[in-house]
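With chain L held as given, fit chain Y onto it using these hints.
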Amino acid sequence: MDYSQSLALVLPEIILSISGLILLLLAAWGGDKGARVISIASAVALGGAFALVAVAVCSGAAGPDTIAFGGQFRADAFAGLAKLMIFAASGAALVVAPRYFERAGDMRAEFPVLVLFAALGMSIMVSAADLMTLYIGLELNSLSAYVLASILRDDERSAEAGLKYFVLGGLASGILLFGMSLTYGFAGTTNFSGIAVAVSDGLSTGQLFGLTFVMAGLAFKISAAPFHMWTPDVYEGAPTPVTMFFASAPKVAAVALLARVSLEAFGTQADAWRQIVIFAALLSIVIGALGAIGQQNVKRLLAYSSINNVGFILIGLAAGTLAGASAMMVYLAIYVVMTIGSFVAVLLMRDANGNQVENISDLAGLSTTRPALAWCLLALMFSLAGIPPLFGFWGKFVVFQAVVEADLLAIAAIGIAASVIGAFYYIKIVKVMFFDEAVDTIKGESDTPHWALLIICAVLISPLGYLLIGPLGNLADRAAASLAVAF
Amino acid sequence: MGGFPILSVMMLVPLLGAIACLFMDAKPARMVALLATLIDLALGIVLWANYDIGGAQWQFTESAGLFAGFEYALGIDGIALMLIMLSVFLMPICIGASWEAITKRVGEYMAAFLLMEVLMIGVFAAQDIFLFYIFFEAGLIPMYLIIGVWGGQNRIYAAYKFFLYTLLGSVLMLIAMLWMVNEAGTSSVPVLMEYDFAPEAQTWLWLAFFASFAVKMPMWPVHTWLPDAHVQAPTAGSVILAGVLLKLGGYGFIRFSLPMFPDASAQFAWLVWGLSMIAVVLTSLIALVQADMKKLIAYSSVAHMAIVTVGLFAFNVQGLEGAMMIMLGHGLVSGALFLCVGVIYDRLHTREIDRYGGLAINMPAYAVLFMLFTMASVGLPGTSNFVGEFLALAGIYQANSWVAFVCTTGIILGAAYMLYLYRRVVFGIQKNADAAAMPDLSVREYLLLGPIAAAVLWMGVYPESFLAPMRADIELLDTRLAASAPEGDAHLAIGEGAPPAEEHAEGGAH
Chain L
2 MDYSQSLALV LPEIILSISG LILLLLAAWG GDKGARVISI ASAVALGGAF ALVAVAVCSG
62 AAGPDTIAFG GQFRADAFAG LAKLMIFAAS GAALVVAPRY FERAGDMRAE FPVLVLFAAL
122 GMSIMVSAAD LMTLYIGLEL NSLSAYVLAS ILRDDERSAE AGLKYFVLGG LASGILLFGM
182 SLTYGFAGTT NFSGIAVAVS DGLSTGQLFG LTFVMAGLAF KISAAPFHMW TPDVYEGAPT
242 PVTMFFASAP KVAAVALLAR VSLEAFGTQA DAWRQIVIFA ALLSIVIGAL GAIGQQNVKR
302 LLAYSSINNV GFILIGLAAG TLAGASAMMV YLAIYVVMTI GSFVAVLLMR DANGNQVENI
362 SDLAGLSTTR PALAWCLLAL MFSLAGIPPL FGFWGKFVVF QAVVEADLLA IAAIGIAASV
422 IGAFYYIKIV KVMFFDEAVD TIKGESDTPH WALLIICAVL ISPLGYLLIG PLGNLADRAA
482 ASLAVAF
Chain Y
69 MGGFPILSVM MLVPLLGAIA CLFMDAKPAR MVALLATLID LALGIVLWAN YDIGGAQWQF
129 TESAGLFAGF EYALGIDGIA LMLIMLSVFL MPICIGASWE AITKRVGEYM AAFLLMEVLM
189 IGVFAAQDIF LFYIFFEAGL IPMYLIIGVW GGQNRIYAAY KFFLYTLLGS VLMLIAMLWM
249 VNEAGTSSVP VLMEYDFAPE AQTWLWLAFF ASFAVKMPMW PVHTWLPDAH VQAPTAGSVI
309 LAGVLLKLGG YGFIRFSLPM FPDASAQFAW LVWGLSMIAV VLTSLIALVQ ADMKKLIAYS
369 SVAHMAIVTV GLFAFNVQGL EGAMMIMLGH GLVSGALFLC VGVIYDRLHT REIDRYGGLA
429 INMPAYAVLF MLFTMASVGL PGTSNFVGEF LALAGIYQAN SWVAFVCTTG IILGAAYMLY
489 LYRRVVFGIQ KNADAAAMPD LSVREYLLLG PIAAAVLWMG VYPESFLAPM RADIELLDTR
549 LAASAPEGDA HLAIGEGAPP AEEHAEGGAH
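Residue numbers (this note's numbering), protein chains in the order written: chain L, 2 to 488; chain Y, 69 to 578.
For reference, chain L alone in the conformation it holds in the complex (with noise of 0.2 Å):
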């Protein structure tokens, strides 16, 4: 494989590196000024990445010819999909954010470029074949992200956000890299083919070890219990769209790496890695749940939502087959739309000067008050708790359906009914809007961008999205089949 054919495979990556680099010096001279120019410039970027990697996961790209770079990079059909997830969900963060931070009087001119170079670290993560690429790209997005939590510099909250999200974070990353060493230490190899190769008769003591850290530094990236704890803190103090942000496209990013390691380059291992899947998930959807119950702030309930959403989504990894790999796309796809619903509904909550209300009590009557909210709003936590006819139960249910094709009743069945425990929050924040009398706070006027995202993920997660099953199911299949599983 020559270099020019490398460099085609990583083309979307190319565009969004020298864009970015053209966009943070034009943020340089230009100052805060050209932000919104900036901000559509970006989102233009990631459009044209996002139309790229379309062709080839339309196409379903697998195989030989997707491997760049000597086996460092692998822009396949799984990654593809990925990527389409990261790069949508950050152009709805580009589209809502300058409003929120011009009202907050500081629409800063690096957030656009930040995003940029955020989204591009994920898709250097999800097409990783080699740990070094891996950590290459979690560090290029997790360094964007910390400086994202902070970017209202004038905000306490965001600030603490900023460093709690760092310290954390760092804390996370070196575990990650203390797994990575000690699985390079003990397979002799960075690159996931190799390490499947040599951990195909058994983990020593050693890889297991490896595994476990790795394991645990990307449960760290997507929040799952026990390493969830940074979640509610840094969701409640980042600005809005920030933490929208952080609760779509890094989650997809990491989700798919995590599979990835596991099904790629300890697929052979699967008795291994299942039982911390198994473990994580469960205590994910348990903590979640309970963790939401007693909580005022809307930020933080769906800090928590997110934490009990990764769990059903490491149920799916549990399954340890394609089917589940292919399940916890479809999960993905439906849950960044309804994160990025719920959270712009949460933008669209102010009062009548125009400040944010994140109090769950401010809620109250929202149904007589602003009713297309609402609605939206219902929609949204019936569908995050997975009562059908909403989209959401569809998610579960190619979930739990694949556990049950694995055999993994008891795992299947101890999930779903603690996903009762979450409706219970859900149905409280419907309760409040539509049970309670009217408070009146909110009252801010309508942003057209706002509510046309708003509209369009209702209506994806509405009953018309069943309609999509048979071309989201089928991508995902064709995603799922293009990793290079090592069963």
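Calculated directly from the structure, the hints in this document are not laboratory data. Glycine included, each C-beta is placed from N, C-alpha and C at the ideal position. This list has only true hints and no planted wrong ones.
Footprint (simulated), chain Y over chain L, 3 or more residues, beta carbon under 8 Å:
#	segment
1	389 to 402
2	410 to 417
3	425 to 435
4	468 to 479
For chain Y alone, kept in the frame of chain L given last:
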């Protein structure tokens, strides 16, 4: 009917109505809702008229490859036909019952009811197990809103309880369904009804389905959501709950548990019998001491549903037919009783029995109709419930005479609490001036109660109209169950003096 997709149209009409109602003011929303439900009733009559008794088992089948992973497949047999008829019959009455009682957020209210109608028809018509599940579960959302938004004082607690109880019951069923489909390789209900699962798997599957259907039914001891939900729901909400939603559990047993897991059903028959016996006696006694009219009727529903379950698990034709007839009859009668409570509640705004009395003097027409429904609930011959209760108890008597004995006390206790209620509300002295000043039934209320009264008498006098469409399906189910049916405890011996006739002896032992 040619290729006319009547079942889809019956779901589409209320769905469009629901969407329209959301954007409308009170007055047009009421009209649209009434119109949509009446169109559905008319379509239901067309459906019944065109149903070919003795024809194919599944009629009016439709399917469309809309989704991947499960199919949009509809079709009905006689059992589903009757339950769909019950739903479309009760819906216009519910809309009428809410005509004046609901004044706030009318558009949303009507939309929720129309959505319920869509989902109920969907549940009974679904021929794909996952499609069934989606409709089955989706009913939680509109019902949660109906109880929570338009309910009484303690509505929020009741709404939570209703939602979480029924959700917990159902999710385990989903896992069982996933396993079954994985095992059998199809999600088609008619195919699964003939598929023989391994007996040890049946045990677990049966329990998972039981968890769901027992809550919906509701069976003792998981019935506690029902009195709360009933008392707090608006009148029409109670009618729909009692009239149709409670039938989902029974329908689930007859469509899924019994034909799909016959061995496990026989194995667990003692459990169902035991719970039903407790339910009949216990909830009847609880009903006897209620001071709240709606709560009393809610507890009586639990007792009636327990007779349905013993009928279903009697494993013979009479039991099954009886269970179906009670479901239909109870749907009408309890619905009508809730309407009767609603009539006086709308006038005095209390459900407390002691606040009424002597209504026979100022509301004679009301007293007559209330009497009819009270008698029907007791199971007086000539009314709908007599047919069902007699058949169900005759069925269970062949399976186990002790169960029959205990369950029959439910009839006596039923007479006690219903007549006691009737005496306190309608007879006696007029001790409360405001209750004595209440006007008699209005034209609207006549229009609501009249059709139900006619249906109750029709079902009691000529049940054949209702039994005929179901007969073939119940016989099919009976043959499916015959191999695993538990042996009856009545070991009849032929007396010495009687002429030894082989076929008589056989007939007696069944």
